[in-house]
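A.B. asks: Sequence:
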Amino acid sequence: MTSQDPLQTQAALDIRARLRDPQWVREAAQIEDEANCDIGAGRDWGEQLGQFMADPEGFHQFKRLRTLVFTELRQLLIECNLGAGLGAAQALGKQRLSQRLQNPTPAIQTQLRIVLAEDLAKDNIDIPLSTTTQAILNQVVRTILTPDDWEAISNAAATALQHHIKHTLSQTA
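Residue numbers (the working numbering): 148 to 320.
There's no promise every hint is true.
[Claimed, not checked] As a list, the in silico DSS-like pairs of lysine-lysine whose alpha-carbon atoms are at most 27 Å apart:
(1) K241 / K210
(2) K269 / K241
(3) K313 / K241
(4) K269 / K210
Note that these hints are calculated values from the structure, not bench results.
Between the sequences and the hints, there should be enough to build the whole structure, so can you do that?
C.D. replies: This is how it looks when you write it as structure tokens:
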């Protein structure tokens with residue numbers, strides 16, 4: 148989708164608006180039930196379908212916030228110039244963030260609400276967060292991961308880099 152095609156842009160916005168409408172989601176599910184099949188276009192919800200159906204708007208917000216947090220983690224790790232260790236560092240970082248976000252402090256919850264509110268207020272998902280809100284998100288990721296988490300993440304990157312070097316050198320010998 149490009150910004151030059153207003154019809155595609157409007158269609159995408161319409162779909163996103165529909166997914167936030169619990170009544171539309173129930174009607175779509177009823178159509179699938181009546182057709183005795185899944186009428187899917189896109190994501191396979193799998194085990195998460197129940198959560199989505201119970202609270203489609205809340206689930207959408209949860210997924211969006213998680214994407215924002217994981218994207219910020221990736222950006223922080225990219226700035227560390229981890230090379231071949233980036234994937235391992237990111238995988239462990241996501242795991243640790245998911246654990247830490249199960250019971251965030253009230254202060255972290257407040258900061259995440261600010262980030263989510265700004266993100267949801269945007270008309271287009273491709274518009275970046277304001278500098279202030281981006282700084283809040285950056286601080287949340289830096290704060291919620293403990294020094295032990297960062298140590299484990301750096302060790303995962305180092306181990307992955309060691310394996311990459313050994314594998315690369317053994318193929319050239």
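A.B. asks: Against each hint, give a clear statement of whether it holds in the structure.
C.D. replies: Now the hints, each set against the structure:
A threshold of 27 Å between alpha carbons decides the hint, and for K241 with K210 the separation of about 13 Å falls inside it, so the pair holds. Between K269 and K241, the direct Cα distance comes to roughly 25 Å. Compliance with the 27 Å bound is thereby established for this hinted pair. Between K313 and K241 the alpha-carbon distance is near 26 Å, which keeps this suggested pair within the 27 Å criterion. Only pairs whose Cα atoms come within 27 Å are accepted, and K269 paired with K210 is accepted, the gap being roughly 16 Å.
The earlier numbered hints are all upheld by this structure, with none contradicted.
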